[in-house]
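Peer 1: Each chain, written out:
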Amino acid sequence: MMAGEGISRTPLSQRSPEQIIEAELSWISSMVLFFSTVYAVLKLDILWIAFGIAAISLYILPIISMRDPFRALPWEMTILLSAPMLLHISEGSRALMQHVAWWNDFTSVAFAFSLATIGFLLTVELQMYTSVKMNRPFAVFFVIMFTVAVAGFWQVGEFVGDQISGTSHLGTNADVMKILVWSFAGGMIMGFVYDLYIRAMSESRRKTLGLIHLWEVTDWRRS
Amino acid sequence: MEEKLKLISRGMQAGMVGIAVAGVVTGNLTWVPAALISLFFAEIPSLLRRDMHLVLPLEINLWIVLALFLHVASGFSGFYDHVPGWDHITHMMSASLIGALGFVVVVTIDKYVDSIYLPRPFLAFFVVTFTMAMGVMWEIMEYGNDALTGSHLQYSLADTMYDLLFDGFAGIVVAIVGAQYLTRVTPEHFVESLNVEGTKRRIGVLGKRRSARP
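So the protein lines, in turn, are chains S and D.
For what it's worth, my numbering labels the leading residue of the first sequence as 1, then goes sequentially.
For what it's worth, my numbering labels the leading residue of the second sequence as 1, then goes sequentially.
With the rest of the complex left out, here is chain S (with noise of 0.2 Å):
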């Protein structure tokens, strides 16, 4: 659908009530995307701001460009997106990994995920705005690369800033170790759970968006 002719918006009224809990759901969790990134920024916590930020871009492009606020991500994929976010700034987050063994792994796995689901967004986006084409196999890899260089140059960030400021946020070479690991076990995961995403997703629920469909237009019925 092209910006300016045929913005056809639904009223209200005639959407089903799973369409509005639905994007109620997304726009809520967009909102602790936001708040999250607010609170980074009044941190001066730099790579959150910049995850944050790229985050809400992601998910305000589509709302903007057809002029809908229901074009807004699907829910589930915004709660993966903020989910870290607020594991982080959240202080019981910080108690529970002092006392509960698995917490670091759990809030290292919620990580990954985000990061794939914004090279999945990436994947989609790319194609809507730019002339960047993928098909199926490409996009997967490209997830799955994504995912684990952003948690590369993540800690190389992490340690720059460790390195500048002289305090020691990162831990031993075991503790990074087990966030990389972990992203790349939750990249190679997602790269697949988006493919098979893609697939399942209900025809009305695709047009709804009017979005995800653009990974790979053109053969997603032989699938």
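Among the clues, some could well be false.
[Stated by the list, open to error] Computed cross-link-like contacts, SDA-like style, restricted to lysine to any residue with a CA-CA straight-line distance of at most 20 Å:
| hint | chain 1 | residue 1 | chain 2 | residue 2 |
| --- | --- | --- | --- | --- |
| 1 | S | Lys133 | D | Gly150 |
| 2 | D | Lys111 | S | Ser131 |
| 3 | D | Lys111 | S | Thr130 |
| 4 | S | Lys178 | D | Gly150 |
| 5 | S | Lys43 | S | Lys178 |
[Claimed, not checked] Derived CB-CB ranges, DEER-like:
| hint | chain 1 | residue 1 | chain 2 | residue 2 | range |
| --- | --- | --- | --- | --- | --- |
| 6 | S | Arg15 | D | Met52 | 53 to 59 Å |
| 7 | S | Leu44 | D | His82 | 37 to 43 Å |
| 8 | S | Ile189 | D | Lys208 | 15 to 21 Å |
| 9 | S | Met201 | D | Thr186 | 36 to 42 Å |
| 10 | S | Thr172 | D | Ser77 | 41 to 47 Å |
| 11 | S | Arg15 | D | Val113 | 35 to 41 Å |
| 12 | D | Gly85 | S | Lys178 | 25 to 31 Å |
| 13 | S | Arg67 | D | Thr183 | 47 to 53 Å |
| 14 | S | Ile53 | D | Arg202 | 46 to 52 Å |
[To be verified] Pulled from the structure, derived: some chain S residues nowhere near chain D, Cβ distances all over 12 Å:
| hint | residue |
| --- | --- |
| 15 | Glu18 |
| 16 | Pro69 |
| 17 | Leu96 |
| 18 | Val156 |
| 19 | Phe184 |
| 20 | Ala185 |
Calculated directly from the structure, the hints in this document are not laboratory data.
None of these values were measured; they are calculated from a predicted model.
Using N, Cα and C, we set each Cβ at its ideal position, and we do this for glycine too.
Starting from the structure of chain S, add chain D where the hints point.
Peer 2: Same frame as chain S, now just chain D:
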């Protein structure tokens, strides 16, 4: 120019043979397997050319031999142990090599797969991503190796982080050089110079030969 580059490659290969021989003669066997494996790797571009008709750019061939030679030579001569930071330099060389090979593959895919179109800025972005991801996987491999066999491939957090830092740096350099290169040479010309068509035909011939067997 071409002859000169080839001569340099040959010189470095001779150096690796020398290291293997010297290692055996002096009984200092630590670096002999690495030298032999590196000699084999250094021959792979020639094998690809002979058997698959695939022509890698001369610069990449030289880079392959240089990275292997520096690794073996600095291990054998004790450079790794005595010059601080030297391992990061060789690490960056191999990272840039992986990045360059990734670049070659992605440009070829871009040209040959109709459902894929990657404009130059995205290509550069992808090369950085790919190089960094490969670097992270390398570190994961080292970490796993250390955990399973008790080896000491990773010295410290700082060492690992500097490796990753240099991986990222190498990726960015290769992306810039690659993007610059494609402003001078079109992707079509580049892929043509690799003789991918010839390789495709060669694979077709090999496939037919196999299926013709009783």
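Peer 1: Confirm or reject each hint.
Peer 2: Now the hints, each set against the structure:
About 45 Å separates the Cα atoms of Lys133 (chain S) and Gly150 (chain D), which puts this hinted pair outside 20 Å; it is violated. With a C-alpha separation of about 15 Å, the suggested pair Lys111 (chain D) and Ser131 (chain S) falls inside the 20 Å cut-off, and the hint holds. A C-alpha spacing of about 18 Å is found between Lys111 (chain D) and Thr130 (chain S), which places the hinted pair at or below 20 Å, so the restraint holds. For the proposed pair Lys178 (chain S) and Gly150 (chain D), the alpha carbon gap of about 17 Å is at most 20 Å, so the pair holds.
Distance hint between Lys43 (chain S) and Lys178 (chain S) is unfulfilled; the C-alpha atoms sit about 26 Å from each other, more than 20 Å. The supplied range of 53 to 59 Å is met by Arg15 (chain S) and Met52 (chain D), whose beta-carbon atoms lie about 58 Å from each other. About 41 Å separates the C-beta atoms of Leu44 (chain S) and His82 (chain D), a value consistent with the hinted range of 37 to 43 Å. With their beta carbons about 40 Å apart, Ile189 (chain S) and Lys208 (chain D) fall outside the hinted range of 15 to 21 Å.
Checked against the hint of 36 to 42 Å, the C-beta distance between Met201 (chain S) and Thr186 (chain D) comes to roughly 39 Å, which is consistent with it. Judged by the Cβ atoms, the range 41 to 47 Å given for Thr172 (chain S) and Ser77 (chain D) is violated: they are separated by roughly 32 Å. With their beta carbons about 39 Å apart, Arg15 (chain S) and Val113 (chain D) fall inside the hinted range of 35 to 41 Å. Between Gly85 (chain D) and Lys178 (chain S) the beta carbon distance is about 26 Å. The supplied range of 25 to 31 Å therefore holds.
Look at Arg67 (chain S) against Thr183 (chain D): about 37 Å separates their beta carbons, and that is not inside 47 to 53 Å. Checking the proposed 46 to 52 Å range against Ile53 (chain S) and Arg202 (chain D) shows it holds: the Cβ atoms sit about 49 Å from each other. Listed as outside the interface, Glu18 (chain S) is consistent with that label: its C-beta sits roughly 33 Å from the nearest C-beta of chain D, beyond the 12 Å cut-off. Remark: the non-interface label on Pro69 (chain S) is consistent with the geometry, its nearest Cβ contact in chain D lying 29 Å away (cut-off 12 Å).
Look at Leu96 (chain S): its CB is around 24 Å from the nearest CB on chain D, clear of 12 Å, so calling it non-interface holds up. The beta carbon of Val156 (chain S) sits about 5 Å from the closest Cβ of chain D, which is not more than 12 Å, so the claim that it is off the interface is violated. The beta carbon of Phe184 (chain S) sits about 6 Å from the closest Cβ of chain D, which is not more than 12 Å, so the claim that it is off the interface is violated. Some Cβ of chain D comes within 12 Å of the Cβ of Ala185 (chain S); the nearest lies about 10 Å off, and the non-interface call is violated.
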